[in-house]
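Visitor: The two chains are supplied separately, each in an independent frame; assemble them into the complex guided by the hints.
Just so you know, the protein sequences line up as chains X and R, in that order.
Position 46, counted from 1, in the first sequence is what the UniProt record's numbering calls 46; the numbers after and before it change by one each time, with no gaps.
Position 147, counted from 1, in the second sequence is what the UniProt record's numbering calls 147; the numbers after and before it change by one each time, with no gaps.
If you are wondering where the hints come from, they were derived from the structure by calculation, not from laboratory data.
It should be emphasised that the depicted structure is a prediction, and the values quoted were computed from it without experimental measurement.
Positions of the beta carbon are idealized from the N, C-alpha and C atoms, including for glycine.
A few of these clues could be false.
Claimed, not checked - With a cut-off of at most 25 Å between alpha-carbon atoms, the simulated DSS-like pairs for lysine-lysine come out as follows:
1) X:LYS87 x R:LYS351
2) X:LYS56 x R:LYS351
3) R:LYS266 x X:LYS99
4) R:LYS366 x X:LYS56
5) R:LYS353 x X:LYS64
6) X:LYS87 x X:LYS99
7) X:LYS64 x R:LYS372
8) X:LYS108 x X:LYS58
9) R:LYS366 x X:LYS58
10) X:LYS108 x X:LYS56
11) R:LYS344 x X:LYS99
12) X:LYS64 x X:LYS40
13) R:LYS351 x R:LYS366
14) R:LYS45 x X:LYS108
15) X:LYS58 x X:LYS40
16) R:LYS344 x X:LYS58
17) R:LYS351 x X:LYS99
18) X:LYS58 x R:LYS372
19) X:LYS64 x R:LYS266
Said to hold, decoys possible - Chain R stretches covered by chain X per the calculated footprint, using a threshold of three residues with CB under 8 Å from any CB of chain X:
20) 17-29
21) 252-264
22) 336-347
23) 367-376
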Amino acid sequence: MAAPNSYYDLYRHGSLGVALTDSLDELIGDERIDPQLAMKVLTQFDRVIAETLQEKVKARLTFKGSLDTYRFCDEVWTFLIRNVTFKLDNGAQTIQADKVKIVSCSSKKTEDK
Amino acid sequence: MSNSAVGPIYDSIISEVINSVRVDFEETGVDESALEDLKKLWQSKLSQMNIAQFPWDPKPDPPPAPADANAPAASGAPGAPPSGAASYTQSSLTPQPSAQGLTLPGSMMPASNGVPIKTEAGYSAEPAIKQEPGLTTPMIPAYNPANGARATAAQRAAMALENQFGQRAAASINALQNGMAAPQQQPQQQPQQVDPQQQYRQNLAASMQQRMQQQAPRPPNGLPTSQMDGTGDAAADQEDQPAAAAIPDRAEIDAHLHAQLLARAKEMEGGGLMVPLRKAVKDDRSIARKSGGDGTGQLDGPDEDMDGDEDAINSDLDDPDEAADDDDDDEDEMGHMMLCLYDKVQRVKNKWKCILKDGVLTVNNKEYVFHKATGEYEW
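Looking at chain R on its own, in the form it has when it is part of the complex (with noise of 0.2 Å):
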């Protein structure tokens, strides 16, 4: 049935125009993350446009498509898709692809991690969490999003940090509360990871719980939008995330905490005055604005272009027919349509046979794909 292909083949398609621009963000110098940044907002639309059962969401009956750990991300719902049952032996067997997993249930932005979970596709993150239940609990109290929507990064790893260790951590907390300088920091996180297996697991959870926390308020799209600042600290905690997660044990928690004061820091800094950085964002801003008006212009120019551009096409395809047909206007959205190539239309008189390729068709809120459909309507 062609709806079910439609999953693995739009899957395709999106790794593969993923993997063909990496070469484009790489020359543009853009950064990586918002590379996958765009995988993944490409499918949580995708799923959201509820077309067709995708691969990298969480599956009722999961026809094999590999455990994509994507899938919680697309939908919010963190489902234990039995594939991940599986898995769980293999996961709890070997800490290092656990680690990986251990931030993905709970967050909408999985993004930070995407590299490397790629590639241990296997390990579904729930299982990962179940792994050690005992451990998970004496954070919960700190685990609510309500407050941490509120809290900041610091303040939250300042309460990691306290639940985990009470009274060692001190040293750790105040330097967070301090925003002191980050290097220092590490140093001291050094000695106390140097302790027995239990230790570093907990601190395993500790950091997972602290990601799942940073991570679960995001808005869907992960970033503070419109703000110049602060995707650039977003992106920085992606480069240091995935990097973390690739490094088991000690040296992870300390590139997270290495990032949570690094942000820290610049949010006390606030563009090298001391100005809560919120209030610098907003001046930024609006110089931003000023300048995309006049000196860089071409930021915007293109922008308008491209709209002027889907424009045009609307107009060739689309608007003309739109203006005959009056209830036409859902017809992209919701509605019952067909995009294909023709071999063959032939009429005779007022028959039509027509024999089409390659087509993509949406009727009735799903979408089919064929390779090949021949039509025959009167007129």
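If we strip away everything but chain X, and leave its shape as in the complex, we get (with noise of 0.2 Å):
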């Protein structure tokens, strides 16, 4: 296993993270588990969800859109983006919105280890 400084936290954001870590506070205030446990449990899911989506998903998607906003700090990427339009890969399927946030990370540092 490798060292777990080595994964990304950013998808700790995402909705999956987000349930994860509302779970986890409710275990640790109900004193079920201490919080470096669940620091652990988190850690776990940086690996996991990111070996998992490179692994496992095959979909592709493209998008346009007019950029709001950029910033590049820290090796992360963060756009705004509005009036954007999804288009996934079968080209069945187009999603609307008006505005969308990117926050991306270096595909580099998960390479390297």
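Guide: Here is the structure:
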């Protein structure tokens, strides 16, 4: 197993991560687990979700829009895009959104390890 | 379509995380039931977000996903999945798995049966209930959630026994009401159950009903929040029940009664003094708070650390953005957000092009996962 630090924790901000964090908080609140254990769960989550997205997901998507804000800081790109149109891979489905925030870490780091 | 992929993908992530932290739970000496509860909580929270169709949800038109028996728990609605109907004959032929499935439909918290259920994924809870429709009817008066919420477990057990066995159960009921020690109960229980098979089936139904009554009124997290002793009780229950579920017929019922008697005894004991548990717990709680404040500072410290951690991350990724764009506040909650890795980000004048991968996208309350995404946009 890789060192716990070699995975991003950015996915914790997605719904899966938020649901996990809330659940852990609840268990901590009930004093059924301690926070250290919760942290271990989260680091495992970082690893598992990164690996799973890498290995099991095949879908592709393209999107267009107008860039409202961009930022590159600490190897993290953040975009705020307005009037976005997503096209899912099979082309059959398009999704519209008036604004989407993209938070993106470098893929290099995971490949290096 | 990547939205339909979300369910299975997330399911596999959850299982893998749960499996890989099992060792950590064991090493820390945390009860396995906490792990199961974590999984249940996690799944139900995801279901509440309503971002995709998950394998553990009940489905109107199910894609194959092996009918995960946890389904009713997630939504609280005991819908009858068609796949469950298919397995009806199987479950009625084999009493053992059906007995395990019995508790599920009405219960908010099947955590107690999580382990055995997973191995019997094919057996949906609903048809198992239908198996003996006639037998459940005598119990229905007792199965009133409003009443059940007030009655203690022991009272309910006594009620169920009385309904089921009438006069013959008088001894057991007395035992329950006197809060007798559990071990004495078991020998008494034995003779009754050396009965023909019909009796045994009634027993099953009775124990099933008891459990439903027990579990239905619980809050979703299944535990009286912030009761130190309360959680312990629940954990004990949960330990007993899966074990009981694995062994069919009278052993199961015995174990179940045993658990209830233990709970009753604990309630009577109330921390050694003859104080009702609720009062004792209040005291415990305040003591625990105090000790948490000074003595076991570690318990509190890391908690805050973790919050601090998250804040730190937020401030890295989110906060500046939120400061810049005032209406970003709701993005984490409902919003349109993409979390991913980037391969390449290029810009020519005001045209941007980027290649992203391994991402999770939440748009319009739906979640999508993608392996690769290309975006083009103008600034």
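Visitor: Output the numbers, in ascending order, of every earlier hint that fails for this structure.
Guide: 2, 3, 12, 13, 14, 15, 19 and 21
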